[in-house]
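There are 2 protein chains.
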Amino acid sequence: MNKVILLNNRPVGKPVLSDFKFVTEAMPVPDDGEILLKTLYVSVDPYLRGRMNDAKSYVPAFQLNKPIQSGMIAEVTDSNHSGYKIGDIVSGNLEWKEYQVSTGKGLQVIHTADIYLTAYLGILGMTGLTAYLGLSEIAVPKPGETMIVSGAAGAVGSIAGQLGKIMGCRVVGITGSDQKVALLKSKFHFDEAINYKNTVDLTQSIKTACPDGVDIYFDNVGGKISDAVLNNINKHARIPVCGYISMYNETMQVLGPYVQPVLVSKSALMQGFIVGDFADKFAEAKKQLFNWLRDGKLTYHETIINGFEQIPQAFLGLFEGKNEGKMIVKI
Amino acid sequence: MNKVILLNNRPVGKPVLSDFKFVTEAMPVPDDGEILLKTLYVSVDPYLRGRMNDAKSYVPAFQLNKPIQSGMIAEVTDSNHSGYKIGDIVSGNLEWKEYQVSTGKGLQVIHTADIYLTAYLGILGMTGLTAYLGLSEIAVPKPGETMIVSGAAGAVGSIAGQLGKIMGCRVVGITGSDQKVALLKSKFHFDEAINYKNTVDLTQSIKTACPDGVDIYFDNVGGKISDAVLNNINKHARIPVCGYISMYNETMQVLGPYVQPVLVSKSALMQGFIVGDFADKFAEAKKQLFNWLRDGKLTYHETIINGFEQIPQAFLGLFEGKNEGKMIVKI
Chain A
301 MNKVILLNNR
311 PVGKPVLSDF
321 KFVTEAMPVP
331 DDGEILLKTL
341 YVSVDPYLRG
351 RMNDAKSYVP
361 AFQLNKPIQS
371 GMIAEVTDSN
381 HSGYKIGDIV
391 SGNLEWKEYQ
401 VSTGKGLQVI
411 HTADIYLTAY
421 LGILGMTGLT
431 AYLGLSEIAV
441 PKPGETMIVS
451 GAAGAVGSIA
461 GQLGKIMGCR
471 VVGITGSDQK
481 VALLKSKFHF
491 DEAINYKNTV
501 DLTQSIKTAC
511 PDGVDIYFDN
521 VGGKISDAVL
531 NNINKHARIP
541 VCGYISMYNE
551 TMQVLGPYVQ
561 PVLVSKSALM
571 QGFIVGDFAD
581 KFAEAKKQLF
591 NWLRDGKLTY
601 HETIINGFEQ
611 IPQAFLGLFE
621 GKNEGKMIVK
631 I
Chain B
301 MNKVILLNNR
311 PVGKPVLSDF
321 KFVTEAMPVP
331 DDGEILLKTL
341 YVSVDPYLRG
351 RMNDAKSYVP
361 AFQLNKPIQS
371 GMIAEVTDSN
381 HSGYKIGDIV
391 SGNLEWKEYQ
401 VSTGKGLQVI
411 HTADIYLTAY
421 LGILGMTGLT
431 AYLGLSEIAV
441 PKPGETMIVS
451 GAAGAVGSIA
461 GQLGKIMGCR
471 VVGITGSDQK
481 VALLKSKFHF
491 DEAINYKNTV
501 DLTQSIKTAC
511 PDGVDIYFDN
521 VGGKISDAVL
531 NNINKHARIP
541 VCGYISMYNE
551 TMQVLGPYVQ
561 PVLVSKSALM
571 QGFIVGDFAD
581 KFAEAKKQLF
591 NWLRDGKLTY
601 HETIINGFEQ
611 IPQAFLGLFE
621 GKNEGKMIVK
631 I
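Protein sequence lines correspond, in order, to chains A and B. Its first residue numbered 301, the first sequence is counted upward by one per residue in the working numbering. Its first residue numbered 301, the second sequence is counted upward by one per residue in the working numbering.
Mixed in with the good hints there might be a few duds.
Because identical chains share one entry, a pair is satisfied inside a single copy or across any pair of copies.
Stated by the list, open to error - Calculated cross-link-like contacts (lysine-lysine; reagent style DSSO-like; alpha-carbon spacing at most 30 Å):
hint	residue 1	residue 2
1	Lys366	Lys385
2	Lys485	Lys338
3	Lys487	Lys586
4	Lys581	Lys535
5	Lys314	Lys524
6	Lys581	Lys303
7	Lys535	Lys587
8	Lys524	Lys535
9	Lys321	Lys507
The hints are simulated quantities; they were obtained by calculation from the structure and are not laboratory data. Every value quoted in this text rests on a predicted model; they were computed, and no experiment measured them.
With the rest of the complex left out, here is chain A (with noise of 0.2 Å):
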């Protein structure tokens, strides 16, 4: 029987295990033009929270009792495909099952020669894309400007501290723990970071990081810490707003300053995006990161979760700030 799992409930706040059924199925049997799935590798992201609404957003609502997709890599065990033989290597938006089988439509095939499988989760997947075109098509950074992080040790925030570093910017990161800090510093090679938890005066201590102020905020959490960050921003600041982790689990509306008076008064762009907005530069950023991963330019930092029964766990995990780098399960 082939194992797989639904979305039980849409949570409400934060996720729990409850929210997650698991099912059996009669092993999927490939049709013409299709191809059977072994599942090798599951991504689980923060956007992910998101689909598990029932509301319009930018991609559409996970289903009650279907199964949930996310970004994963897979081997091909059986092919009624001109296009894929047993053994090829897949990466693609794919179902939380063990098995299963597809048309091959959106799948891309890997080299696996060329790098470790997991970059094209991380890396070379969405995740690095996030974090590349984010920087290159709303910050556009300058060589000498100051670029600070949120969930700077996460799966984007990581690759876009380093990708700062490669384009010529001082960067700093806002974590969560001091492993972290510790991380950013001596892995990822960031200028400065700051453990947003136990720092009494975000703002000062952004300040205190940040002496020429920023220039550039990559922003993936929202909330308190990006309050504290839009206190230091310099005239003409840009600010790529990739997602909003510490809200992703409110019930209610919540409540900050508002930001247009220090929009108005700095000259400053807040951009919202998702990777998506920038398909047609896919292929030349792909080229881009691989060269710089190949180069040993960029690392990686993976928390890999072992056993297909894990994968509600580590995606819980996600907002209890469990992984430093991407979370991966390994199946």
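We have chain A already, so just place chain B on it with the hints.
Just chain B now, with coordinates in the frame of chain A:
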């Protein structure tokens, strides 16, 4: 004796008449290389409120017991400067005085035959440039898009709306009286206008007035009006933030819904600006605005108050919505 208006107190909250002080001084005499100017028209503008605070902003704060400055039109009544002759009319940022000397720095000579004089405080001055450059440089309207303007019957708003029409948009205004609603539709040819003061649910009123959603929001007011517009924006909306008059007189920090969620879900851009950000475009923009004004494609509306003594009162009126179009004091 020469009459002068000084900043007497830094206003706390809404400015009051006692924040201004009328004094007299000896009639100024131009030195070598200087001219004597007689004030003809004084522009009062919401942004002056910010300069009355003792806070760093995009323009330096006014000093206590020093003359206030704003955009003005004046006549040269004496000249020891080879570039100016008696009778020349100039515009520039000058002091609230009946007469003043100037080296001519920053002044623009107006060719009075071209157009009505006060245009140089309105459509052909900072007001028009602000509306035009906020649209052309940030919003970049496309024909067929829906544009909404707050503070629509004000100086900048009434021009921004007309420019939106010229650029092919469907234009909706938000304003504060039925009389202004009528003005927007009849004189400025807005497609629709909303009196927010007699609207129970502004989000719904905007939805009704903008059945295709909002692609561009030219924001002059901030606060709850902007919250309601943000509830109606489309994917890839652009929001030039020109001002936030609803909050200029607040003494406490005002809280509102965070904008990050809607900016991300709509891949929307919000950018604060001041007209000086686009100084390299002034010449071209003025030429364009001049042509549209001359050809009757742009029209203007002024609220003219008479008398030097009325300048503070005219300024205070801006915060009560007493102006339709540009508020000007004729001396």
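Outcome of the hint check:
1. Proximity of Lys366 to Lys385 under the C-alpha cut-off of 30 Å is restricted to the intra-copy arrangement: shortest distance 28 Å within a copy versus 82 Å between copies.
2. For a Cα distance limit of 30 Å, the shortest separation of Lys485 from Lys338 qualifies neither inside one copy, at 37 Å, nor across copies, at 63 Å.
3. Taking CA atoms no more than 30 Å apart as the test, Lys487 paired with Lys586 passes inside one copy only; the shortest distance there is 22 Å, against 53 Å between copies.
4. In the homo-oligomer, the alpha carbons of Lys581 and Lys535 lie at most 30 Å apart both inside one protomer (28 Å) and across protomers (19 Å), since each shortest distance falls under that limit.
5. For the homomeric pair Lys314 and Lys524, the shortest alpha-carbon distances inside one copy (18 Å) and between copies (29 Å) are both at most 30 Å.
6. Taking the shortest alpha-carbon separations for Lys581 and Lys303, neither the intra-copy value of 36 Å nor the inter-copy value of 62 Å comes in at or below 30 Å.
7. Taking the shortest Cα distances, Lys535 and Lys587 sit within 30 Å of each other only across copies (28 Å), while inside one copy they are farther apart (33 Å).
8. Taking the shortest alpha-carbon separations for Lys524 and Lys535, both the intra-copy value of 21 Å and the inter-copy value of 26 Å come in at or below 30 Å.
9. Taking the shortest alpha-carbon separations for Lys321 and Lys507, neither the intra-copy value of 46 Å nor the inter-copy value of 39 Å comes in at or below 30 Å.
In this structure, the hints that do not hold are numbers 2, 6 and 9, in rising order.
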